[in-house]
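Peer 1: Knowing the structure of chain A, use the given hints to seat chain B with the ligand on it.
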Amino acid sequence: MTDYEAIIGLETHIQLNTTTKVFCSCKADSWFAPPNTNICPVCCGLPGVLPVLNKAVVEKAVLLAHAMNAEIRPLSYFDRKNYFYPDLPKGYQISQFDQSLAKGGYLDLPVPASASPDKKAYTRRVSIWKLHIEEDAGKTKTAGNRRFIDFNRCGVPLVEMVTGPDLRTADEAAQYLIRLRQLLRWLGISEADMEKAHLRCDANVSIRVRGETKFNPKTEIKNVNSIDAVRDAIAKEIDRQIREVEAGNRIQAWTLEWDEDSGTLKKMRSKETEADYRYFREPDLLPIRMSEDWKNQILSDFPELPLARRARFIEQYNLPEYDADILTSERKLSDYFENTVRAYGGDPKKVSNWLMNDVLRMINDQGLNPEEMKLTSAALAEILKLVDKGTININTGKSLLQKVQDSGKSPDQIVADEGLGLVSDDGAIRAVCEEVLAESPNEVASYKAGKVTLIGWFVGSVMKKMRGKADASLARQILEELLK
Amino acid sequence: MELCDLTALELTKMLRKKEVSAVEILQSSLDRIAKVDGRPGSLDHTTELTEEDKQKVHAFITRTDEIALIQAQEVDRKISAGEDPGLLAGVPFSVKDIFCVKDTCSTAASKILANFKAPYTATPVERMLQAGAVMVGKVNLDEFTYGSSNESSAFQPSPRNPWKTDRVPGGSSGGSAASVGAGEVPLSLGTDTAGSIRQPAAFCGVVGVKPTYGRVSRYGLIAFASSLDCPGPVARTVSDAAAMLQVIGGADPHDATASPLDMPDYLSTIEDGVKGMRIGLSPDYFRITYPDPKTGDLLSQPLPAEIENAVRSAAEKLAAMGAEIIEDVPMPNTRFGIPAYFVISRVEAASNLHRYDGVKYGLRTQQSFNDLNKMYRFTRNEGFGLQPKLRILMGMYVSAAQYSEQYYRRALRVRTLIRRDFEAVYDPRGKYRLDALLTPTTPTTAFEMAAVYGNSVLMQYADQLTVPANHAGIPGISLPAGFDASGLPIGIQLLGADFTESTLFRIGRAFEKATETESWRQVKPQVLQDF
Ligand SMILES: [Zn+2]
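Same order as they appear, the protein sequences are chains A and B.
Per the numbering used here, the first sequence runs over residues 1 to 484.
Per the numbering used here, the second sequence runs over residues 1001 to 1531.
With the rest of the complex left out, here is chain A (with noise of 0.2 Å):
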C-alpha cells in the first residue's frame, strides 16, 4: 500500500483577554452578557463614528510575537476587510494584512512518545505564517427563515495566528493546540478556552505520497471547538484523501465543517474561488509605531516560556519528564514548585512528589490559586524540612498541609500547638516500650521463639500509645535491644 502523509495547517483566533473592547469602551467579555446589551455606537458601527485603539491589545499581541520567536515590525498597519454579512456591521472588518505586528516565527512542538506513530519523542518546527491584530464579527442565530443577530462580540480583540503546512499528524495537530494554549494562559494574555471560543482553530488538510514535495488541493475544517475534536476531525479527514485517493479519485479544495455530536465532517462549501475581501490600509486609525522603548517596557518582565522551563527542570532538578510536563503546565503551579525548591534547598524530586501527590490535588479539589494559597511555598518547604529533620513523621507532615491551608498557621506553629512533634527521648519511648511488652506476654514469646516479624506489630502498639508522635526508628531500636 502506498505511504501517505499528511500536511496540516492550523488557522487560529485567539481571542485576548484585555478589560475592554479593541476599538471602543465596551466590556471585551460578554459570556454572561443577554445578546446585545454589551454595544456601543462604535462597535456597532453607526455613521461617523471612529475606532480608537485599545494599547493593552497590542502589547498582549507583542508578547504572543515574541513567544512565537517572531519579529516585530516597529511600523505596522491595520487595513480594512471588506465583506458583506449581518454580524459584520461595518461591511469591513478592521484587520491587518500586508505590514501586520508581526513576521515570521516558530514554535519548536516537543511530541511525546504516547503522541508519536513509532512511540518516540521527537520535536517539530512549527513555523508562522501570519500573526496580526483584528477585531472580532457578531453571532448570527437562524431560526427558520429568520436571522438573529448579537452584536456582543463586535469588537472583541483576537489575534489570528496561521501556521505554515508544517504539521504531519493529527496527534501533532492537538499538541500544538495543547502547547499554544498553554503558552497563551502562561503570558496571561487570553483564557484560551476553547469551548467558550476564546481560542478557535480551523484546519487545513491534504495528503501526498510520502517522499514529495509538492501539496495537494487542500480541505478546510471549520468549527470544531474543542482539541479533542481537531484531532478526530483531522484524522478523520486524512482517512477520508486516503480513500478517496486510492478509489481515484480527487481531492476538492472544500470547506468541511465538524459536527460535534455525530463525529463527522459535513461539506459546507465548495471554495473554487478565494473571496477578494479588497484590503486597503484603515484610515481611521494611525499605524502602530511600536518604539524600542515601549518594545522593552512590554517585554521587561517576559516569563521563562513553559517549554524552555520544562526543558530545564529536567537539566537542573533531574526531574522525569513527566513531572516537568505536569510542573510546568501552569505557571503559577510552576512558579510555586520553584520557589518551594529554592526555600526548601533540598531533594527537588522530594518537592515535586509531595507536589503532585498531595498539593496537587488539594489545588484541583479546592479550586485553589497556587499563588494566593495559604500553604505558601514557604510553608511547604517548611513542613518538608520538619519531616527530614525528624521532628515530624511523614504522615504529620502530610495531614499539616490542610491544617496550615485552612488555619494560615505556619507549619511550626501548629506542631507546637498541637504537640505533633516526634518524641525522640529515649527515656520517654523506653518507657511505653517496656509497658507494651509487659501487656503482651503472649506476643513476646513468639517473637523470642523466632517469629522476629512481630517486630513491626510492637513498634505500631508503640506508636499507637504515643499517638504517632514516636521516633519510629528509635522505637524500634530500642524495642530490639529489649527483646534481646
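Check each hint, because a few of them may be wrong.
[Claimed, not checked] A partial selection of chain B residues facing chain A, derived with a Cβ cut-off under 10 Å: (1) C1100; (2) Y1219; (3) G1273; (4) M1277; (5) A1350; (6) D1357; (7) S1404; (8) Q1406.
[To be verified] Capping the alpha-carbon separation at 35 Å, the derived lysine-lysine pairs in DSBU-like fashion look like this: (9) A:K81 / B:K1102; (10) A:K120 / A:K55; (11) A:K141 / B:K1102; (12) A:K55 / B:K1513; (13) A:K141 / B:K1117; (14) A:K267 / B:K1374; (15) B:K1374 / A:K266; (16) B:K1117 / A:K139; (17) A:K222 / B:K1102; (18) B:K1524 / A:K81; (19) A:K81 / A:K295; (20) A:K81 / B:K1117; (21) B:K1017 / B:K1524; (22) B:K1374 / A:K141; (23) B:K1524 / A:K267; (24) A:K196 / B:K1017; (25) B:K1360 / A:K196; (26) B:K1035 / A:K81; (27) B:K1017 / A:K27; (28) B:K1035 / A:K222; (29) A:K141 / B:K1017; (30) A:K81 / B:K1111; (31) A:K139 / B:K1164; (32) B:K1102 / A:K139; (33) B:K1035 / B:K1164; (34) A:K81 / B:K1389; (35) A:K141 / B:K1111; (36) B:K1117 / A:K27; (37) A:K266 / B:K1117; (38) B:K1524 / A:K27; (39) B:K1360 / A:K139; (40) A:K409 / A:K448.
In case anyone wonders, no lab produced these hints; they're calculated from the structure.
Think of the CB as a built atom: it goes at the ideal place given N, C-alpha and C, for glycine as much as any other residue.
Peer 2: Coordinates of chain B with the ligand only, in the frame set by chain A:
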C-alpha cells in the same frame, strides 16, 4: 443691515455688552431664513419647482428652531448671571447634514439615512454648542457629500446660489455656503474632501477654511473618504472663521487621527499683517489640465482671465502691504490631483458605504425578499442615489485584487508626489521658503443649475485647484475677491504648510483690510436685494 448680517464676533461683542440678547439674534436669523430660504429639502421629488422656489436659497433640510431657542435662552441666562457664555455665545450657525447631532435627523442628504437619528453629537458640533453658539438647523449637501453642486441631494429642491438663484451654490457644502452667503447664519460647519468647503465658499462669496488634516476631529462626521475628509468653518469674515476654528479644533479622544498638537490662539495674531511673508504664485494653478476622454492625452486650458486677474490683483495688494511675491513656483503634480482623488476617494467611499445594508438602521426595502442578498440589493438600490452608486462601482473596481496595483496603489504614490510638491516650496531651507501659495480657488465661477449635473467628470474638475491640499493634508482657505462680469463671486485661495492656519488667517485678514473700502464689498446677494 440687520443683526443677522453682522459678523459672529460683532454679535458676541454686542451680546456681552448686553446691547442685544441671544434670543433677539436668533430671531433675526430665523426671520432671514423665513424670508429667503423657501421650503426645505424633502424626499418628495414630485412637486414641480414653482417660480417662487426658483428665487429661494433652500439651504436647510432640518430646522431646529425649538432647540435653538432653548440654547439662546441659556446663553441669555448665563450672561445675566455673570457666567462666561463661551467664545461664540449667541451666534447662530448651521450644520452640514453630514454631521451627526443627537436627537436630530442626520440624513447625509440620502434616502438611505433619511430617518436616521444618531445617539451622539459630532465633536465639532458639540464644541460649537459648548462655546455658546446656537444651532438653527442642518443644511443640504450633495448626497453623502458626493458632488460639487448640491444637485445630487436626495432632498429637493437643492440649494441655490444666493447671488444668482439660477446658479448652483457649489458643493458639497453648498447649504453651508448658501446659508452664510444669504445672511441666514454668520457661521456654518462644513466638510472638505476635495474642495467641498472652499469651492462653495468661492461660489457664494464667503470665507471657507479647510484645516490641516487632523486639526478638527472627524468624530460624528459621516465618512466619505476618511483619509481626506476635513471638517471646517464657513464664515463671512476671516476673523469669524478663525474664531470658529479656535472652537472646533484640537485633540479628541474619539478620533485617533485628530492631532494632539496644541491649538494656537488665532485671533491674537490675526491682525499682525504680511510684512516679510513670502507668498508664491504657481503657473500650475493658472490652468486646468484634464485628459481627453477619447485618447487619454492630457489637455490644458488656461483659466478665465477674470479669475487669474483676481489672484494677481490680490498679490499686488499683499505686496503693497510688505509681502514678497514669488513667481513661477513649480507645482508639477497638481494635474494628477483629480485622477488620484477619483481612485482613493472611491475606494474609501465604497468601503464606508458598506454599512448601509438595511440590517441595523436607516432604510430597509419594503419589497419582499427571500434571501439576504436580495434584501441588500433592493435596499441599496432604493436607498442610494446615482452618485453613491457610481462611487461604489468605481471604488469596488479599482480596489479589486487584480486592479489594486494599477489604480489604488498607484494613486497613493501620486498622492505622495503631490505632498512633496508642497513640502519642497514650504521648506524653510529650500529654494522657495514660502509662507503660503496664492491661487484661484476654482477654475470657474458658479455654474448654472443642471449645467454639468450628470457629467460627473467635468464637475469634478471644479476641484482641480483645491484637491491637492486634501491629498497633502495641508490647510487652505478661500476668500472672496470680487466678482466676474456676470456678477458672480470669485474666490482666491491660500495654501499653507501643515498647521499654519494662523499664517493663512493673517494673510486673509490683511487682504480683507486692503479691500474693505472697495465697491464690490458693498454688493448684496440677489436674494437680499429686495430688502
Ligand atoms: Zn463598543
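Peer 1: Each hint should be assessed against the structure and marked as holding or not.
Peer 2: Hints, verified against the model:
At about 5 Å, the closest approach between the beta carbon of B:C1100 and any beta carbon in chain A falls short of 10 Å, and the interface hint on this residue holds. Look at B:Y1219: its Cβ gets to within about 6 Å of chain A, closer than 10 Å, so that hint holds up. Taken as an interface hint, B:G1273 does not check out: its beta carbon lies about 37 Å from the nearest beta carbon of chain A, beyond 10 Å. Interface hint status for B:M1277: violated, as the beta-carbon distance to the closest one in chain A is roughly 32 Å, over 10 Å.
Residue-level restraint check for B:A1350 holds (minimum Cβ-Cβ distance to chain A is 8 Å; threshold 10 Å). Given hint, B:D1357 at the interface with chain A, holds; its Cβ is 6 Å from that chain's nearest Cβ, closer than 10 Å. The interface hint given for B:S1404 is met, as the beta carbon of that residue sits about 7 Å from the closest beta carbon of chain A, less than 10 Å. Interface hint at B:Q1406: violated, since its Cβ lies 14 Å from the closest Cβ of chain A, which is beyond the 10 Å cut-off.
As the CA atoms of A:K81 and B:K1102 are separated by approximately 30 Å, the hinted pair is consistent with the 35 Å bound. A threshold of 35 Å between alpha carbons decides the hint, and for A:K120 with A:K55 the separation of about 44 Å lies outside it, so the pair is violated. For the proposed pair A:K141 and B:K1102, the alpha carbon gap of about 31 Å is at most 35 Å, so the pair holds. Between A:K55 and B:K1513 the alpha-carbon distance is near 49 Å, which puts this suggested pair outside the 35 Å criterion.
Between A:K141 and B:K1117 the alpha-carbon distance is near 27 Å, which keeps this suggested pair within the 35 Å criterion. Proximity of A:K267 to B:K1374 is assessed by CA-CA distance (about 25 Å); at most 35 Å being required, the pair is judged to hold. Taking the CA atoms of B:K1374 and A:K266, the gap is near 27 Å; set against the 35 Å cutoff, the hint holds. A hinted pair counts as satisfied when its Cα atoms are at most 35 Å apart, and B:K1117 with A:K139 qualifies at roughly 25 Å.
In summary, the hint linking A:K222 to B:K1102 is not supported, as the alpha carbons are separated by about 42 Å, beyond the 35 Å threshold. Note on B:K1524 and A:K81: the hinted pairing is violated, with a Cα-Cα distance of about 51 Å set against a maximum of 35 Å. Taking the CA atoms of A:K81 and A:K295, the gap is about 27 Å. The hint holds against a cut of 35 Å. The hinted pair formed by A:K81 and B:K1117 meets the criterion: a straight-line CA distance of about 27 Å does not exceed 35 Å.
A threshold of 35 Å between alpha carbons decides the hint, and for B:K1017 with B:K1524 the separation of about 28 Å falls inside it, so the pair holds. Taken as a hint, the B:K1374 and A:K141 pair is honoured in the structure, with Cα atoms around 19 Å apart against an allowance of 35 Å. Of the supplied pair hints, the one linking B:K1524 and A:K267 is violated, its CA atoms being roughly 73 Å apart against a limit of 35 Å. Straight-line distance between C-alpha atoms of A:K196 and B:K1017 comes to about 65 Å, which puts the hinted pair past the 35 Å bound.
For the suggested pair B:K1360 and A:K196, the alpha carbons sit about 26 Å apart, so the restraint of at most 35 Å is met. The straight-line distance between the Cα atoms of B:K1035 and A:K81 is roughly 50 Å, outside the 35 Å bound, and the hint therefore fails. Distance check on the hinted pair: B:K1017 and A:K27 sit about 49 Å apart at the alpha-carbon level, beyond 35 Å; violated. For the given pair, B:K1035 sits about 65 Å from A:K222 by alpha-carbon distance, which is inconsistent with the 35 Å threshold.
Proposed proximity of A:K141 and B:K1017 is contradicted: the alpha carbons are some 63 Å apart, above 35 Å. Straight-line distance between C-alpha atoms of A:K81 and B:K1111 comes to about 27 Å, which keeps the hinted pair within the 35 Å bound. Distance hint between A:K139 and B:K1164 is unfulfilled; the C-alpha atoms sit about 54 Å from each other, more than 35 Å. Between B:K1102 and A:K139 the alpha-carbon distance is near 28 Å, which keeps this suggested pair within the 35 Å criterion.
Between the alpha carbons of B:K1035 and B:K1164 the distance comes to roughly 16 Å, so the proposed pair stays at or under 35 Å and holds. Restraint check for A:K81 and B:K1389: the C-alpha separation of about 20 Å stays at or below 35 Å, so the hint holds. Between A:K141 and B:K1111 the alpha-carbon distance is near 30 Å, which keeps this suggested pair within the 35 Å criterion. Restraint check for B:K1117 and A:K27: satisfied, since their Cα atoms lie roughly 25 Å apart, inside the 35 Å limit.
Among the hinted pairs, A:K266 with B:K1117 is inconsistent with the structure: their alpha-carbon atoms are about 44 Å apart, more than 35 Å. Only pairs whose Cα atoms come within 35 Å are accepted, and B:K1524 paired with A:K27 is rejected, the gap being roughly 57 Å. In summary, the hint linking B:K1360 to A:K139 is supported, as the alpha carbons are separated by about 14 Å, within the 35 Å threshold. Distance hint between A:K409 and A:K448 is unfulfilled; the C-alpha atoms sit about 47 Å from each other, more than 35 Å.
Hints 3, 4, 8, 10, 12, 17, 18, 23, 24, 26, 27, 28, 29, 31, 37, 38, 40 from the list above are not met by this structure, while the remaining hints are.
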